[in-house]
Amino acid sequence: DAKTTQPTSMDCAEGRAANLPCNHSTISGNEYVYWYRQIHSQGPQYIIHGLKNNETNEMASLIITEDRKSSTLILPHATLRDTAVYYCTTDYKLSFGAGTTVTVRA
Amino acid sequence: GAVVSQHPSRVICKSGTSVKIECRSLDFQATTMFWYRQFPKKSLMLMATSNEGSKATYEQGVEKDKFLINHASLTLSTLTVTSAHPEDSSFYICSARTGIDQPQHFGDGTRLSIL
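Which chain is which? The protein sequence lines are A and B, in order. According to this note's numbering, the first sequence is numbered sequentially starting from 377. According to this note's numbering, the second sequence is numbered sequentially starting from 115.
So that you can see chain A by itself, here it is in the shape it has in the complex (with noise of 0.2 Å):
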């Protein structure tokens, strides 16, 4: 199973696009990467996931560079409810990290 390494930490201003990086340098052929995000004192929410090609849906788009060695999770207009810890995992049982902590700031 493949390890991700993330920021542990980023601010963004509101409206402006959020830009979340994630390095899984060690992911195999097979493994997607996933996004998820948790708010405070709640379940984890799903946002996008993806193999090879980009992805966008209504939440964000994910990037996927051509080696898959890293991803980058798109929110284009970021807003105060968008604060929240983002996870990024390779691992279809969800060995979370420490995530990368979103502040919007307004």
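Since the hints were derived computationally from the structure, they do not count as laboratory data. Please note that a few of the clues may not be correct.
[What the hints assert, rightly or not] Beyond 12 Å from chain A on every Cβ pair, some chain B residues (computed):
1) SER132
2) ASP141
3) LEU158
4) THR192
5) PRO217
[What the hints assert, rightly or not] Okay, derived cross-link-like pairs now, DSSO-like style, lysine-lysine, Cα gap no bigger than 30 Å in a straight line:
6) LYS156(B) - LYS379(A)
7) LYS169(B) - LYS156(B)
8) LYS379(A) - LYS155(B)
9) LYS178(B) - LYS379(A)
10) LYS445(A) - LYS156(B)
11) LYS155(B) - LYS445(A)
12) LYS379(A) - LYS128(B)
We put the CB at the ideal spot given by N, CA and C, even for glycine.
Let chain A serve as the given structure and place chain B on it in line with the hints.
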């Protein structure tokens, strides 16, 4: 879609009692359900994986006789904390998925407090 309901959301009980937590997938059939535990300001820790109709697979260090998991149907899994003690107080979260390589969908968690 992909809603997972977890009940109860909060429970407070005396030391020595057993507590059952239910996890239901409301609008999909879950081939696999997972149970996690989370301590304050810490990440989620996987406790066990359960497949419908099979015995749960517990992670190393998790006592299977302490944390009983039943996955009787494709939409319901239960976690029973037996003879609970204060050190079992924690935030317990379940998740469910429809198949391998599919994302997990989480319940809102159960905050368990043992007095």
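Hints versus structure:
| no. | hint | verdict |
| --- | --- | --- |
| 1 | SER132 | holds, 23 Å |
| 2 | ASP141 | holds, 14 Å |
| 3 | LEU158 | violated, 5 Å |
| 4 | THR192 | holds, 17 Å |
| 5 | PRO217 | violated, 5 Å |
| 6 | LYS156(B) - LYS379(A) | holds, 17 Å |
| 7 | LYS169(B) - LYS156(B) | holds, 28 Å |
| 8 | LYS379(A) - LYS155(B) | holds, 20 Å |
| 9 | LYS178(B) - LYS379(A) | holds, 27 Å |
| 10 | LYS445(A) - LYS156(B) | holds, 26 Å |
| 11 | LYS155(B) - LYS445(A) | holds, 28 Å |
| 12 | LYS379(A) - LYS128(B) | violated, 39 Å |
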